[in-house]
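Residue numbers (the working numbering), protein chains in the order written: chain A, 453 to 686; chain B, 3 to 624.
Don't read these hints as lab results, they were simulated from the structure.
For each residue, glycine too, the CB sits at the ideal point set by N, CA and C.
Treat each hint with caution, since some may be false.
[Unchecked claim] Only part of the chain B face toward chain A is listed, based on derived beta-carbon distances under 8 Å: (1) Val410; (2) Phe417; (3) Ala514.
[Stated by the list, open to error] Covered by chain A, according to a simulated footprint, are these stretches of chain B (three or more residues, beta-carbon under 8 Å): (4) 499–510; (5) 521–532.
[As the list claims (entries may be wrong)] Reference listing, derived: stretches of chain A covered by chain B, where coverage requires no fewer than 3 residues with Cβ under 8 Å from a Cβ of chain B: (6) 460–466; (7) 473–485; (8) 619–631.
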Amino acid sequence: MEQLLAFSKGPLFRLTFAVMVLGLARVLILDLLEIFRAYYRAGDKTVPWGQVITRSIEWLVPVRLVFKRRPVYSLFSMLFHVGLLLVPIFLYAHVQLWRDDLGFGIPTLPYAWAYGLTVLTIFAAAALIIGRILNRTSSFLSRKQDYLWPIVLLIPFVTGFVCAHMGVSASAYRFFMLMHVLSAELIFVLIPFTKIAHCVLMPLSQVVANVAWKFPPETDDKVCTTLNKKGAPV
Amino acid sequence: MVQMNRVQAVKTVLWSILGLTAAVGLTRFIFGLGATTNLSDATPWGLWIGFDVLSGVALAAGGFVITALFYVMRREEFHDFVKPAVLTAFLGYIAVVVGLLFDLGLPWNIWHMIIFWNPHSPLFEVGWCVMLYTTVLLLEFSPVPLEEFSRYAKIRTFLMKFRFPLILLGIMLSTLHQSSLGSLFLIMPFKLHPLWYSNILPVQFFVSAVALGFMMVIFESLVSHWLYIKDSETERIAKLGFIAAWVLFVYFLLRIGDIAFSGELGMIFTGTWEANLFIVEMLISVILPFIIFVVPRLRYNRKLQWVGSIMVVFGMVFNRINVGGLTMIRATGDIYLPSWMEIIVSMGVVSGAVLVFMFAIEKFHIWEERPRHPESNPYAPAAFDRSSGAWLGSPLLAASTRYSLAFVFAFAVGFALIPDNKIHSEGMDDIPVTRARGADTLFVDGNLNNFGVAFDHKKHEELTREGQACATCHHMNIPLDKNSGCWECHKKMFTVTDVFNHDWHASAGGAAIACDECHTPGQQRRAESAKNCEDCHRDLRVENTPIEVKAYLAPSYTDALHDICVACHLKKAVELADKPDLGLCPTCHGGETPENRRELYKYGQAARSLKPVVLPQVKKPE
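The task is simple: from the sequences and hints, build the whole structure.
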């Protein structure tokens with residue numbers, strides 16, 4: 453187990469982390485390219501930039517839009533996101549690993565905050581799964597990965613909590629640490645290829661919605677010609 | 003997945019190699035040559051010089067030989083070869099410059115040669131020629147891409163006016179530096195094997211570059227026509243091959259004639275590995291291709307054209323690698339094998355050049371007829387991802403999706419393969435220390451290189467019987483021990499050892515102590531919130547020792563011993579009037595140490611009496 457742990461903390465971590473960072477950069481660039489191509493082709497080149505920006509912000513801080521419909525679910529979703537982002541990035545133990553490797557680090561969360569946020573994230577994720585199952589509309593819309601993702605994201609949180617805050621024996625610590633590292637690496641690899649890519653694509657989604665549905669200038673005529681109704685009003 | 007054609011398959015492979023190269027390149031520029039190459043002081047020039055620079059320049063010779071043939075000698079039938087050859091040469095020189103940037107220790111100083119002139123150095127001439135010729139090639143080639151943009155028509159016509167002078171300048175510059183790459187090796191007659199060393203190395207380099215230039219044009223034409231599924235120009239290739247064959251013959255005469263002239267012809271058949279290497283090199287680079295391209299029946303055979311051109315290309319690269327280092331092994335005694343990272347970078351530089359070449363072939367007017375392939379074909383069916391059924395976009399987007407994916411995964415694999423110990427080292431290898439041998443007299447030679455100090459333990463024991471004598475050197479004990487030696491804590495020769503082994507204490511196979519047994523529960527687990535070593539191990543510190551241990555980071559073996567020995571010796575040299583030499587290095591270091599040997603060579607005999615000890619600069623713990 454020691455060697456497996458060393459391997460997953462060393463080469464496997466570098467592999468998966470590189471896949472995540474470059475993979476996200478890749479989908480972002482490909483998305484931008486396709487937006488440019490669609491914009492270049494479009495007959496109507498007006499894009500309501502003001503609306504794009506306000507709607508993006510409204511979805512990013514869903515006070516107005518989402519809270520109207522399902523306030524409890526939205527609240528848990530926001531709490532979940534806060535913990536999900538803050539804890540892994542600003543945790544003292546994680547920053548210390550960067551510091552050992554790179555020689556510099558970033559400010560860290562106080563011990564009590566890390567403790568509280570971890571517990572909060574775990575409960576929020578559980579609440580999200582229950583909310584998804586109980587609400588008929590959302591369970592109708594959900595795919596398998598929508599149920600799986602909160603569970604997969606929970607594994608490193610639970611195992612990390614056990615390692616950091618519970619006085620377990622040395623051998624149990626190794627086991628939980630291995631699970632913690634491996635599950636986190638699984639998440640790294642999956643992020644760029646699943647819906648979690650919204651962590652970088654989210655700012656573009658409103659632009660895509662506005663640009664991608666524009667058609668090339670002569671589309672109307674072509675459609676009519678194909679339907680043998682040349683000259684018909686569209 | 004859509005069906006991949008030949009071009010896409012090749013591009014996917016090339017992008018993967020580029021991904022690996024990006025990961026290795028990042029390591030090279032952040033952690034330096036030591037972390038990525040197997041180069042040493044005895045072999046400072048490795049694969050990156052032998053292949054990327056020496057061979058790269060020679061492989062790019064196609065540009066000047068074809069322009070000479072077409073513009074100067076007016077051989078109109080070779081018109082179709084000119085644009086690809088100039089492009090190959092241009093990309094080849096860019097590849098040389100990129101390869102050189104990888105190999106230079108301080109690549110950001112490459113501009114120094116423009117301002118700080120050293121006219122005595124052949125490398126100065128090579129540097130300037132490469133710089134000027136790359137510029138000339140850029141000007142020679144730029145009319146081709148400019149053709150695509152009508153608004154740059156004026157610049158294009160302006161450049162076309164100067165085409166002929168540019169081409170002459172290009173031929174002249176090539177002649178100069180192709181030969182002076184050979185001149186570089188004139189200064190090492192005792193390092194280079196006699197079968198490769200010659201007074202006319204510059205001439206041999208030039209003639210072989212001409213032959214290789216022709217063959218590279220043939221090879222490039224065959225490969226690109228195979229890739230884009232076009233009929234190749236067998237007839238014209240045979241004609242070009244015929245010319246190249248006779249240049250090869252001249253090269254053969256120059257090589258063999260020079261060896262015969264110096265009376266060492268017999269050396270070829272002595273059966274040593276160098277002699278066999280010479281025979282193999284001559285066979286694949288000269289003799290067999292000469293036969294293929296001289297005999298008319300063989301010359302027009304398409305398969306043999308492949309074989310012949312590949313032989314020359316590989317044979318001449320082999321020759322440059324032989325001259326660049328392989329045949330120096332006997333003289334230097336340093337066996338150098340390039341690390342996988344050096345090989346990847348060399349492949350990556352070539353891959354990048356090939357990708358740009360393919361891009362240019364597809365986008366610009368380099369061939370009479372532009373190649374057709376699915377990416378540019380407007381009627382190609384849209385691509386769908388087989389696993390998810392998602393639309394991958396237009397064929398162009400689908401292709402870039404695939405290439406970028408190959409790049410990302412290759413980068414990740416390369417990043418994972420980089421050895422941990424190389425990037426975490428402080429530029430100095432961890433050399434483990436072995437215990438001193440002997441009893442009354444100890445031979446202190448931690449790294450077992452046979453340069454050590456004979457330490458009279460018994461005499462020191464007697465001389466300093468009173469007071470804190472023993473406790474000065476034996477100031478700490480490892481747990482359960484009463485009399486630990488220096489090597490038990492100061493475990494590394496030149497680097498610091500962390501005496502506290504956290505992983506062993508926390509491991510189920512070691513002490514199996516749970517976190518909370520040392521760290522205070524409910525607090526951030528760090529060194530400050532943990533117990534001290536002495537809370538459990540009560541026998542670590544020796545009583546009445548004058549040495550104060552603040553942290554459990556033991557200085558390097560050399561530092562630890564020097565600190566204690568030298569401090570006392572200097573004090574005693576002042577106290578004892580009859581022992582003025584006690585504080586000098588030769589008192590202990592009788593012989594030469596590897597560290598001071600280099601200094602001795604530098605200052606000659608005068609330094610020999612001083613016997614200086616050069617200590618490596620290492621970071622001391624706080």
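(request) Tell me, in ascending order, the numbers of any earlier hints that this structure violates. (result) none
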